[in-house]
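Colleague: This is what each chain is made of:
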Amino acid sequence: MRIALLSRTHAGAMGVLFGLTLSACLLVAALPRAMQGSFDAALRQSLRAAPAVQADLTVTVAPTRPAEDLHERGQFTTRDDRWREILPPALRPLVVPAGSGAGHMSAKTELTPVQGTGGQTYINLGWLSDMDRRVDWVRGHAPGAPGTMRWEGDSIPVFEVGVVDEAMSDMNLQLDQVKVLGEDHYVAVKIVGAFKAKDPSDRYWSHNQDILHVSRLLPPGKQEFEKHITTLMADPGLAVLDSFGRNLSYNWVLPINAARASALAAPDVDAGITEFARLLTLQSTSSAAPYRLLTGLPKLLDDFLAALTTAQTVMYLVLGGLLAVAIGVIVLAVQLLADRLDGTLALVRARGGSLRQVAGTGAALTAVAVVPAGLAGYALSALVPGPVLPIVHLGPALVVGCAVGFAAARLALTHRTPLHERRGDVTAARPSAKRVTLEVLVVVLALAGAYLLRTRDVTSRGLDPFLLLVPVALTLAAALVTLRCYPYPLRLLVRLTSRGRAAVPFLGLTRAARARSAAVLPVLILLPALAVSVFAAVVSDGIASTQRLASWQTVGAPIRMTSEIEIPADAIERVRRTPGVEQVVPAQTGRVQVGFGAERAEAIAVDLAGWQRLLDGAPISLPAEPAGGAGTPALVSPELRGRGAFEIGWQSRVKVATAGVVDVVPGFYTKGKFLVLPLEALTRPAVNTLLVKGDADPAALAEAVPSARVESQRAVLDAIQSDPLTATVRTTLLVVTVALAGYALVAVIVSLVLGAADRAGALAFLRALGLSDRQARRLTVLEILPMIVMTALAGLGLGLALPAALGPGVDLSSYAGDLPVSAYALDPLTPTALAAGLAAVAALGAYAHTAISRRRSLGAVLRVGDLT
Amino acid sequence: MNPTPNLTPDLTLSELEAEATRKKAAFGGDAHIVCDNLVRIYKTEGVEVVALQGLDLVVDKGELIAVVGASGSGKSTLLNILSGLDVPTAGLARVAGMDLLSMTAKDRLRYRRSVVGFIWQQTARNLLPYLNARENVELPMKLAGRARGQRASELLDMLGVGDCAGRRIPEMSGGEQQRVAIAVALANEPQLILADEPTGELDSETSGQVFDALRTANRELGVTVVIVTHDPLVSEQVDRTVGIRDGRTSSETLRREGAEGEIVAEEYAVLDRVGRLQLPRDFMNALNMERRVRLELESDHIGVWPAREEPSDEQ
Chain A
363 MRIALLSRTH AGAMGVLFGL TLSACLLVAA LPRAMQGSFD AALRQSLRAA
413 PAVQADLTVT VAPTRPAEDL HERGQFTTRD DRWREILPPA LRPLVVPAGS
463 GAGHMSAKTE LTPVQGTGGQ TYINLGWLSD MDRRVDWVRG HAPGAPGTMR
513 WEGDSIPVFE VGVVDEAMSD MNLQLDQVKV LGEDHYVAVK IVGAFKAKDP
563 SDRYWSHNQD ILHVSRLLPP GKQEFEKHIT TLMADPGLAV LDSFGRNLSY
613 NWVLPINAAR ASALAAPDVD AGITEFARLL TLQSTSSAAP YRLLTGLPKL
663 LDDFLAALTT AQTVMYLVLG GLLAVAIGVI VLAVQLLADR LDGTLALVRA
713 RGGSLRQVAG TGAALTAVAV VPAGLAGYAL SALVPGPVLP IVHLGPALVV
763 GCAVGFAAAR LALTHRTPLH ERRGDVTAAR PSAKRVTLEV LVVVLALAGA
813 YLLRTRDVTS RGLDPFLLLV PVALTLAAAL VTLRCYPYPL RLLVRLTSRG
863 RAAVPFLGLT RAARARSAAV LPVLILLPAL AVSVFAAVVS DGIASTQRLA
913 SWQTVGAPIR MTSEIEIPAD AIERVRRTPG VEQVVPAQTG RVQVGFGAER
963 AEAIAVDLAG WQRLLDGAPI SLPAEPAGGA GTPALVSPEL RGRGAFEIGW
1013 QSRVKVATAG VVDVVPGFYT KGKFLVLPLE ALTRPAVNTL LVKGDADPAA
1063 LAEAVPSARV ESQRAVLDAI QSDPLTATVR TTLLVVTVAL AGYALVAVIV
1113 SLVLGAADRA GALAFLRALG LSDRQARRLT VLEILPMIVM TALAGLGLGL
1163 ALPAALGPGV DLSSYAGDLP VSAYALDPLT PTALAAGLAA VAALGAYAHT
1213 AISRRRSLGA VLRVGDLT
Chain B
3 MNPTPNLTPD LTLSELEAEA TRKKAAFGGD AHIVCDNLVR IYKTEGVEVV
53 ALQGLDLVVD KGELIAVVGA SGSGKSTLLN ILSGLDVPTA GLARVAGMDL
103 LSMTAKDRLR YRRSVVGFIW QQTARNLLPY LNARENVELP MKLAGRARGQ
153 RASELLDMLG VGDCAGRRIP EMSGGEQQRV AIAVALANEP QLILADEPTG
203 ELDSETSGQV FDALRTANRE LGVTVVIVTH DPLVSEQVDR TVGIRDGRTS
253 SETLRREGAE GEIVAEEYAV LDRVGRLQLP RDFMNALNME RRVRLELESD
303 HIGVWPAREE PSDEQ
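Sequence lines, in order, name chains A and B. Position one of the first sequence corresponds to residue 363 (the working numbering), numbered consecutively onward. Position one of the second sequence corresponds to residue 3 (the working numbering), numbered consecutively onward.
No lab work stands behind these hints, which were simulated from the structure alone. All residues carry an ideal CB built from backbone N, CA and C; glycine is no exception. Careful: at least some of the hints might be erroneous.
Stated by the list, open to error - With a straight-line Cα cutoff of 25 Å, these simulated DMTMM-like cross-link-like pairs (lysine to aspartate or glutamate) come out:
no., chain 1, residue 1, chain 2, residue 2
1, B, K144, A, E637
2, B, K45, A, D704
3, B, K108, A, D704
What the hints assert, rightly or not - Pulled from the structure, derived: some chain B residues nowhere near chain A, Cβ distances all over 10 Å:
no., residue
4, G162
5, Q193
6, D214
7, V266
8, E269
9, E292
With these hints in hand, go ahead and build the complete structure from the sequences.
Modeller: Shown next as structure tokens:
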């Protein structure tokens, strides 16, 4: 057959097929890419957000014998090269090459006391391989080679060192000062220069905080802080630096390039780190001083993967739904094309075309439409940034394969015998017992699966096939039940209408009830389309509302200002006068003594009624104001329950009486021991917290109370929402919802067109009997609507039930500020709008279709329809 | 398959007996089309519709016959079976020596490609509207993989539509379309042409042209032609008209030239192999015959009388 001619002749159906395949291939190739891209972005962000010392790999060794000491830079470099050589392949691309980025080597002593300070001051010796690049000398000069001096009769080495400028004043050090270090085996340092970091914000300094800042430690049982600083020496100092009598360690920092991290490789990286640690141990020269790997990367990755698993499950669930629906719609479009080809192919078959020729022609024609479309969609998906997953190749191939395969199979089946007309006067009998049993089995399995999913208590890593399978089974079960049951209410309606005088409702509903099995496909497409889009909408709504709840629970008020010190009355007044501030509720928080022992509890003294007024419209609520009783009425946490009246020490002694139990105080306490008092219970309240309502600028508020930290609910919400994973989950859900709604519409329209010839024939016949145009349009709408309405209702119900059914299996808390997304508020607006919109468009389509087909002459329609 | 009367002198008795009984079963001998007790039942999910209930038909090679009958009498089913598009449920159907019941799918395809050609009533079904006449005629040849350049033009010329060769189907009149359809049916040199109401949608003048085209094919190419028709113009011009009623052949009308050159038509009822006979409905109505009749054997005919009124006669 001449494929080009046929495709010209059936340009319409080919166009529909092309468009559908293009969009489907684009979506199934681009969405996983975009998703994986954002997973990567999220991983990179979490790696960048983590301190370098946690994310980077640090090889460290503490020499125990003089033989293990390193005295030359070359020895460090040799080892650095060796570490890089033995890096497992999974880590190699991730680690910044030697000599670039924050990669460096260091030698440091720890807890090296300054002689004669009684263990109060510690000056550690340090060497950085790239000191010159990292610091600027602000006073004095860079350290040079070490010398010697006499100390207690011995000759001890004197290291020339530099100290960070901040420490000079902080630790009362001067240039050219010489300090003797150690408890025995003394060394001395001569401070020859003071430096500042060239870029203190560089991640590099995360590894060397001890060099850049004085660290204060409060040893147990002591009142005064110990001060520690690590100095810097030059390369020649290494030759003298030994481990004898000192806590010396050598470090090689292999920084991670976050930009090259990928979520896909995360499990491999995890394994790679374990492997690297093992290989390092093997490199050790003595068992007393093994090379160790210090990194927080596995924990970072594990936390990330835990959040990722849920995102992946939800995403693959909706993507799978999208793919299934897209393939369904494409199959419907192939059916349209096959219907159009039917006459031609029946003739070809009758005139001696073999089954291969007939099916081959149909498959080739379908391929002409879908292969370029698939390639175009695949190519377009390359514009979407993100890594290439196998599904990016497989998805379009599957779509194209399904389309061509279905075309070939359907045509081969239809034209298996050359005369494929079926007698229209023979009605279908009742379904076989085998089929009913099978259908009941599917429904039972789906329900059992959902039950098991709800009751099981397993949190597995990675994609959970069971979790993916249950929704599919539930959808199939719902489709079967719909298909099997929808004639019953319809028949009831038919019986009712048959008593009425109007012919149109009776005729329309009867035609709907007698619809051929061709109506199965639209149901099978519409139902999952609606179910998945409603599911996506509900989950998305659930995440959004939980995010809002989380932000309110974090802050507790529209704006919260907290200060370490008391906020004076005039500052409160300034806050009140700040533009945009509507209401201010002062509060005092503190750690109070419970009773007379060592027991402590958190307390907040606040006017609960005033606070409640701030929360107008917020998803959180406060407990009622405690009332009455002897002493100050207080609300206590469950841990303080049952104590009746007790005393607390908060500035002065306050006698409180338990007036109620609260589980949480939003914005303040969620666990442990805490209590809520009225503000007036304190004799002289020292307000340190302000709860503010209004649209005030946080910067202006911060200016009004310089000591306060300003947190706003909106900023917290923005922070939760702008997380790349969260943003992706919500964007993907939105895209999928829109795409599915689109596909559902196309399915309705294509199924309308599919039944057009049949309907046109029937309508022409009825028009000949006196049916008016208006009646004809109503008849068509009535014929189409029952199926759409039933399917829409079933889809809506399934979509609303799915989150509840899968709820425990899908933990979305990492997208909602770590609050479990549990209460899927049945906000029926979006899903109902989806279902109603679909039904309305279907009805409109049917209406328009009848209006258009009116233009064809009755004679032509009747002749076209009459083929026997 | 057709038993071959290949008798040799050294046959055993049992073999001779077998041969004898087989020969008896060979109804219609080596006629071109043989239908014996043909049954076709449509079965759809448990419901049965009997379209043919024991039809007998014998057509010789090179014959041009018409099949007439009321709507629903089984004419089209018969034609579909003969064209290899449909398979009979029971009975015997043999065309050009090929048994239509025992054919494999491959045989059936070969049969449709080279043995039979057919024409439907609707031109829309016979021809592909987006191909021109020549391409339409070449289509069956290409499907069978034996395209020949000149054949299409020759056929179109022979049927008087040579000038339409390059025209698309919608650009032709109904008569031209049907003649092109005949050319399509003849494309692969079939031995048999089946036409289902080929003139049903045409006016009398055009039907004449189409019938002439069929007769041309019959005479010049020696093709057997079976036409299902309602058109008296057609049914009265063929040598033999077979009537079908309720899935059985009920009557046959033979035409021959009388002594003075006029056409004499004689209608016969069909007597099947077990002796069943369908009486024409108007004969039965005229004599108020129902349920049972009385038969009397005379020396040269059988008399059929309505049943007597007396109850005693009912025994």
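Colleague: All hints, please: hold or fail.
Modeller: Now the hints, each set against the structure:
no.	hint	in the structure
1	B:K144 to A:E637	68 Å, violated
2	B:K45 to A:D704	23 Å, holds
3	B:K108 to A:D704	22 Å, holds
4	G162	22 Å, holds
5	Q193	14 Å, holds
6	D214	23 Å, holds
7	V266	36 Å, holds
8	E269	29 Å, holds
9	E292	28 Å, holds
The structure shown violates just one earlier hint, number 1.
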